[in-house]
Amino acid sequence: MDPSRSKLTYSLILIVGVLTVGPVVMLVLGSFSEGLTAFGQFTLDKYVEAYTDPALLDVIVNTTVFVLGSSLLSTILALFLAYLNNRTDIPFKFLFKILSIVPMMIPHLLFSVSWALLLNPSNGMINLVLKNVLWLESAPFNVYSLWGMILVEGLLDLPIAYLIIAPAMASFDVALEESSRVFGAGTWRTLVRVTLPVLRPAILAAFILGVVRSLASFAVPSVIGMPGRVYVLATHLYQMIATGFATDYGKAAAVGMSVLAASVTLIFVYRALTAESEKYVTISSRGYRPTVIELKAARIPLFFVVAILSFIMAVLPVAVLFYTSFVPYSMVPSARAFSMMSLKHWSAVLTDPLSLLSLKNSLFLGVAGATLGVALSIFVAYVIVKVKTRAAGILESLSFLSFSFPGIVIGVGFMWFFVQTPLYATLWALLIGYIATYLPYGIRPLASAFVQVHSHLEESSQVCGASALTTMRRIIVPLLVPGIVSAWILMATMFVRELTLSVVLSRPGTEVLAIQILRFADDGLWGKLSALGIIMIGISTSLVLIATLVGAQFKAEQSAG
Amino acid sequence: MEIRIQGVSKRYFSEGKAIIALDDVDLTIPANQIFTLLGPSGCGKTTLLRCIVGLETPDSGEIRIGGEVVWSREKNIAIPPEKRGLGMVFQTYAIWPHMNVFDNVAYPLQVRKLPADVIRRKVGKTLRFVRLEGFEKRPATKLSGGQQQRVALARALVGEPKVILFDEPLSNLDAKLREETRKELRTFLGELKITAVYVTHDRVEALALSDTIAVMREGRIIEVGAPRKIYFDADHRFVADFIGRANLVKAKVRGHDDGHTIVDCGLGAIACHGRDLPAGSEVTLCIRPEFIRIAKGEGGAGRNVVNGRVESLVFVGETYEGEIRIGNELLLAKIDPDVDLKAGDPVRFSLDPAHCLLLAI
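One line per chain: the protein sequences are A and B, in this order. Going left to right, the first sequence walks through residues 510 to 1070 as this note's numbering numbers them. Going left to right, the second sequence walks through residues 0 to 360 as this note's numbering numbers them.
Rather than coming from a laboratory, the hints here were simulated on the basis of the structure. Each hint should be verified, as a subset may be incorrect.
[What the hints assert, rightly or not] Keeping only pairs whose Cα atoms sit at most 20 Å apart, straight-line, the calculated SDA-like set for lysine to any residue is:
1) LYS124(B) x PHE134(B)
2) LYS341(B) x GLU310(B)
3) LYS16(B) x ARG899(A)
4) LYS516(A) x SER13(B)
5) LYS161(B) x GLU81(B)
6) LYS136(B) x ALA115(B)
7) LYS112(B) x THR980(A)
8) LYS895(A) x ALA115(B)
9) LYS112(B) x THR979(A)
10) LYS112(B) x LEU131(B)
11) LYS82(B) x SER976(A)
12) LYS853(A) x ARG1028(A)
13) LYS112(B) x THR552(A)
14) LYS897(A) x LYS16(B)
All values reported here derive from a predicted model rather than from experimental measurement.
With these hints in hand, go ahead and build the complete structure from the sequences.
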């Protein structure tokens, strides 16, 4: 290998290492320190304090129930949907595609808020309707509970679980089922004895990823859990660092250590499982269409279930926010409500200096962060794909490490780092934190783009008489552009909505959209919240749409020449 | 155009060890021939090809293409690949996925900034030549393996280079398609006055396509010759063994008689293709399985008649492959499928001295 390449590899290892391992090291050191101002003086006090806290037991029980419950819900729903889509004659299969890309458009925070608006006990819209219709004394549902949290988080994690289970289901070798049928087992028995066991690695992988994501989730626990005083580890940590008079980053780091350890362990299990599930599904025979099971009488009822689920996932949250942004206060949709609609909240938000500041900050972080993040990702992806040395392997593992880091925990680690530097309380702190945490989102599409550019494609252009510049312009860049665009858009959408890292790192003056929305939620300013939320959804939806259009345009160009 | 390679060496460093890819190679590739570099993987054939085209830089030596020095360490000349004006077909075809067939083929002309109507005419002509008319607008990703191969060939030919290079162009095709494409390639190249350098590890491909074959091993050219010469009359044991299936028997020269060389070996005294070797020298006797014609039963003595016993028989379709035991020697022979034989049967065969090849090295 020539020395310039190995220099590049080592400098990237250094940069990515500082970005991903750095905060973990700071978290460890911080957990053994007295406080942000007394960094480096060894003490075990914070561990003793954190783990003898009588509230911790409740928090752990809540976390366990929340995490397992929501993962179970998302996995079962995903399995149900994947089976219906791949193996039955259910109509309108495009709904399933909508279900799988919706989370790109609606940030978790706003999804949670919309459910609070629908099901909160004092003036949740569904509760109000049911109270009127059924002449009830009190609200029938209280979303501010462990059950509410499980429901909302389960729905939020449904798409990712679906994206893991559906491909496994699609490439499943039907001969396995057919042989079971030949030996006399019925549809149901075959499903239980053959299909599900064969899909077990994929199902388990979806479940574990659900656990990791709900463990790291902050939106649901803060918007739905905290009003009902149901605390899980993420909100427990948040309380230590953000509320009360004495913030305690040492204690937060000490608790964060166990969350981080659990999360990293689970990701290792997840990786092992996905490797195994790939092994399972490769048995499939190519070009073979699986037999479609006729649902007969169950076809329409099952379709309604899917339709309702799609409505709940994609339409309802946005509709609720839209509606709330126009009405003066929470009320059931009615003629009176529509007559009272106004742009009051919109104009309030658009003249509110703090909201405008947060909008500006988020846009800056989205654009600058995605640009810098993609620039770094291009080099990292290049080394991972094209430089096949051991050092490149280390870089690969390093750069995907942050997948397993819960945002709020790694935020605490970054906090310990940034207070030692002048970056503290600047937008740059957020920018660095974002890039570090979301680096895999940039590397993935770029790595697959680089895989496409086989060295023969470059060499062949050279032999044809093209100069290095022409080769770059006509061969390499066009092949990389789709990867660069999708990486940029992916990072930008993540950054515009970022919440978990921001709740730790954001300071007065560096508020971002999600922080401002959370503040509105705390103050019960639902109208303003909804208006700002719609703006946020608008930004990420247009980014996703642009990405899809650019991708389609590029494909069309490719085929048309 | 003639290609002249003198004293070219190339070393790689991999995991701290130096690997000699090319070891002081001297080679002249005659103009307007199909010239094949044949050898096992890792013998340096692809490296040599890439040195000719300029994608690889040798450590020492000189390469001339048609009298022009394209690379020389001493004279400090290194013409980059894009200035050498060659055509090349890559092992992976290297068809650019973001372009259609027309743009792929037109590329070498476009980078030369030819007028559009000239490009259109030339591309049309070349596509007609490789029988891909009407495929101009087809995206490159929507082509079969054989079609991609022909697009790659068209792209290499469109600029009318004096030399075209092939790096194992058939190895990505399945067996049947490979055979068809090989015939096609032979026809295409036969119609053109062009120097073709062809790299392969497939001996059948080399024999069927080439005017001249150079067999390589461990970075060196072992032997250069026409296909028949390489197959029937190789000078080197390695070449004889590599180019086809061969029975190699240790032998010692007894003397010369009537234009034949007589050797003693495990099969008895055998008269061989005459070769100027002193009596008493150690040699290897090479007999190809297709020249061992088996008859049933033991037979009378005579020149080059050998008696043996069938050790095993395997039916492979057009023939039986039989192992014949003669004392300590075990020979592979091709046996007609309708000969009624089974393992253990005594057999006899006679060897034509013309097909008993002696190898000194």
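Hints, one by one, checked against the model:
no.	hint	result
1	LYS124(B) x PHE134(B)	13 Å, holds
2	LYS341(B) x GLU310(B)	9 Å, holds
3	LYS16(B) x ARG899(A)	16 Å, holds
4	LYS516(A) x SER13(B)	17 Å, holds
5	LYS161(B) x GLU81(B)	14 Å, holds
6	LYS136(B) x ALA115(B)	16 Å, holds
7	LYS112(B) x THR980(A)	15 Å, holds
8	LYS895(A) x ALA115(B)	36 Å, violated
9	LYS112(B) x THR979(A)	12 Å, holds
10	LYS112(B) x LEU131(B)	24 Å, violated
11	LYS82(B) x SER976(A)	9 Å, holds
12	LYS853(A) x ARG1028(A)	19 Å, holds
13	LYS112(B) x THR552(A)	73 Å, violated
14	LYS897(A) x LYS16(B)	17 Å, holds
Going through the hint list in order, the structure does not satisfy hints 8, 10, 13.
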